[in-house]
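Trainee: As a plain string of letters, each chain reads:
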Amino acid sequence: MAEQMTGAEMVVRALADQGVTDIFGYPGGAVLPIYDELFMQDKVRHILVRHEQGATHAAEGFARSTGKPGVVLVTSGPGATNAVTGLTDALMDSIPLVCITGQVPTHLIGSDAFQECDTVGITRSCTKHNYLVKTIEDLPRVLHEAFQVATTGRPGPVVVDIPKDVQFASGHYVGPENISHQTYHPKVKGDEAKIEAAVALMMRAKKPVFYTGGGVINSGPEASRLLRELVKLTGFPITSTLMGLGSYPAADPQWLGMLGMHGTYEANMAMHDCDLMINIGARFDDRITGRLDAFSPGSRKIHVDIDPSSLNKNVKVDIPILGDCAHVLEDMLRLVRASKAKPDGAALKEWWGEIEGWRGRKSLNYRKSDKIIMPQFAIERLYEACKPHDTYITTEVGQHQMWAAQYFHFEEPNRWMTSGGLGTMGYGFPAAIGTQVAHPESLCVDIAGDASILMNIQELSTAVQYRLPVKVFILNNQYMGMVRQWQQLLHGNRHSESYMESLPDFVKLAEAYGAHGIRAETPDELDGKIAEMIDSDMPVLFDCRVASLANCFPMIPSGKAHNEMLLGDDVAEEEIEKAIEGSGKALV
Amino acid sequence: MNTQPGSAYFIEERTETLVTHTLSVLVDNEPGVLARVIGLFSARGYNIDSLTVSEVSHERHVSRITIVTTALAEVIVQIKSQLERLVPVHRVTDLTEVAKQNNHEKPLERELALIKVAGTGENRLEALRLADAFKATVIDATTEHFVFEMTGRVNKIEQFIQIMQPLGLVEVCRTGLAALNRGPEGM
Ligand SMILES: Cc1ncc(C[n+]2csc(CCOP(=O)(O)OP(=O)(O)O)c2C)c(N)n1
Chain L
1 MAEQMTGAEM VVRALADQGV TDIFGYPGGA VLPIYDELFM QDKVRHILVR
51 HEQGATHAAE GFARSTGKPG VVLVTSGPGA TNAVTGLTDA LMDSIPLVCI
101 TGQVPTHLIG SDAFQECDTV GITRSCTKHN YLVKTIEDLP RVLHEAFQVA
151 TTGRPGPVVV DIPKDVQFAS GHYVGPENIS HQTYHPKVKG DEAKIEAAVA
201 LMMRAKKPVF YTGGGVINSG PEASRLLREL VKLTGFPITS TLMGLGSYPA
251 ADPQWLGMLG MHGTYEANMA MHDCDLMINI GARFDDRITG RLDAFSPGSR
301 KIHVDIDPSS LNKNVKVDIP ILGDCAHVLE DMLRLVRASK AKPDGAALKE
351 WWGEIEGWRG RKSLNYRKSD KIIMPQFAIE RLYEACKPHD TYITTEVGQH
401 QMWAAQYFHF EEPNRWMTSG GLGTMGYGFP AAIGTQVAHP ESLCVDIAGD
451 ASILMNIQEL STAVQYRLPV KVFILNNQYM GMVRQWQQLL HGNRHSESYM
501 ESLPDFVKLA EAYGAHGIRA ETPDELDGKI AEMIDSDMPV LFDCRVASLA
551 NCFPMIPSGK AHNEMLLGDD VAEEEIEKAI EGSGKALV
Chain B
1 MNTQPGSAYF IEERTETLVT HTLSVLVDNE PGVLARVIGL FSARGYNIDS
51 LTVSEVSHER HVSRITIVTT ALAEVIVQIK SQLERLVPVH RVTDLTEVAK
101 QNNHEKPLER ELALIKVAGT GENRLEALRL ADAFKATVID ATTEHFVFEM
151 TGRVNKIEQF IQIMQPLGLV EVCRTGLAAL NRGPEGM
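These protein sequence lines map, in sequence, to chains L and B. The first sequence begins at 1 in the working numbering and counts up by one. The second sequence begins at 1 in the working numbering and counts up by one.
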């Protein structure tokens, strides 16, 4: 039964029909009819952010922590352009977003009207798909299709650009049941013969390793569960990318820690020396592989991915399997159970012996201090304090992000929200707000840097307005630490524009917004102050003063292979400066 | 020893040879679909040697885009999967690949060109004689010029244009490639 209603009503109705409970947005002339509809109902709650970039990251946090799509509503022109960074971020990290943008009325499109911009043109390359809806007849179909495209296959952001006259126009609404894209039907089931071949390789492997990524998280909790079963059943070691943390429990002995540029020694050495690599939902990103021609030279490679363009893109693999992680893992498990051949226990024992040797290097060791707070120590203490709570962690981008990945440990998927692909400073705080909206009773902490937090600090106002008790734990080293570290590595330790001159007083800043500010300056006061932060029912800015020149180790220096890592405790300052030589300095 | 420059981005020196492939892409004929396809090529640094588009099924709103591209063999594979990833793309067929599988040297490939040549006297006569030899037809003429229409393989058209150069070539318009595979099967 088709119902008659206006375009603006259809938008709100479609959101409700899609099960959307919360959206993040900012009003303006071209979306006023939709805002009027929002005003007159209470199914969909609108969270007013303070900058449209904040809305996109909040929606990402919401999506990543729930597995549901995040929804954004912004106006035309500057509203849409401000959303571009978040859309790109969601595209790079495969986060399902639906972003509704207002547009000038259809008869004004192309006339350089007030607050007109070519939204579909601008967002074409930073969305999975986008639509300009020119008639009311198309609107319900497009709205539902947008959700389908955003959430299926490799998830991603979708923009629906709706001119103001279409919002006012009246037409027939159709519900989501009746809509399915004509041609877009991603393949989820993996090829059985290839999975069989993969299992045969697994049973013969002497030095296997699972290398997993964000795809496992995107595939849903079932994928993480199946992965755990498969890893247990085979007895193989497992490592994961930054985006995949939490899909396998960090407390388990088979867990090697994160791999890649700032991954653990054991994870990277296992990747380098393995004879079989089983990549599940990761994409051989350059932060992971390091030097490509020296990447895991002796291994056969299996790659499970839902995106055909990820297969054989950066690294040629022996068995590419196109499909959804959960579906493929389920088949793998079944075939492993049914297999006559069993994993090679003796070889695995020897392999684990080697791995224990690498573990013995304790690559995450750092110099301790009882006078100043070491940033790594701060994360360790934060982790201990958060353990008893139902915790979600987001981060900004920089050293603190890597330290968080190294020293905060995750046992469950969807607990860790970070900007991996785009590396967007300013992501973490709004993402924590979105996460808190989805999980009002949980502890949501943004692990931040002093530079990054200033990129979306205005969202403190949002947190205060909606009484979202988000905690911002700032590792304040008074530098853009990661930039300073690279300047030390690459540019003669000349700190060109990386010192954070004139930082605000974060405690006073918090108070100015009506939030709570806390400062910790010495290791001995840290635990007490962290407890105060967690106990507070207000949003908190925590100014954690840490050692200003600490570097993030271990590290695979630029252009080096996995087995050429720099470890933190054995590098002298001169060695750091020599670690990256020659013409490569021009390249980052 | 690491002889590579030290960088987070690995710079590979590729020495393999480039290959040219003709791809046929069936798409929903909706606004912006061509921009999506072209944008993909420019964003990812792929080449477009030739591009032809038109609607092939009016009722189903389906257009056929024929793209000739030159790249490393593994990049051609990437191009195909990247194209397939676009939501309005129904199907991508590598006509060059299909031809090879069927033991044909190439798919059927034709192009149409309009060629304007101006001149008098001996040059004019020579142009007309050559056009006849190349089976180009005259579709417009005055005492000072001809416009030839010519359909054929790309190299034949290119050869004709080259020969017309000294005879008073004024301008050329080419359609780009239309291509199908031999045999009874569709794509
Ligand atoms: C929007 C944006 N601009 C610039 C950069 C480049 N960048 C990467 S890390 C970094 C410094 C981050 O400093 P801070 O937030 O203080 O974190 P720290 O590294 O000190 O922990 C910069 C500028 C970026 N990632 N994102």
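The hints are simulated quantities; they were obtained by calculation from the structure and are not laboratory data. Even glycine gets a Cβ: it sits at the ideal position worked out from N, Cα and C. Mixed in with the good hints, there may be bad ones.
As the list claims (entries may be wrong) - Label pairs and their computed distance ranges (CB to CB):
| no. | chain 1 | residue 1 | chain 2 | residue 2 | range |
| --- | --- | --- | --- | --- | --- |
| 1 | L | 356 | B | 32 | 43 to 49 Å |
| 2 | L | 111 | B | 153 | 43 to 49 Å |
| 3 | L | 314 | B | 39 | 31 to 37 Å |
| 4 | B | 54 | L | 233 | 53 to 59 Å |
| 5 | B | 16 | L | 179 | 52 to 58 Å |
| 6 | B | 32 | L | 250 | 40 to 46 Å |
| 7 | L | 233 | B | 182 | 49 to 55 Å |
| 8 | B | 39 | L | 334 | 29 to 35 Å |
| 9 | B | 32 | L | 170 | 25 to 31 Å |
| 10 | L | 341 | B | 31 | 54 to 60 Å |
| 11 | L | 177 | B | 187 | 52 to 58 Å |
Trainee: Which earlier hints can't be squared with this structure?
Mentor: Going through the list in order, the structure violates hints 1, 3, 5, 8, 11 and respects the others.
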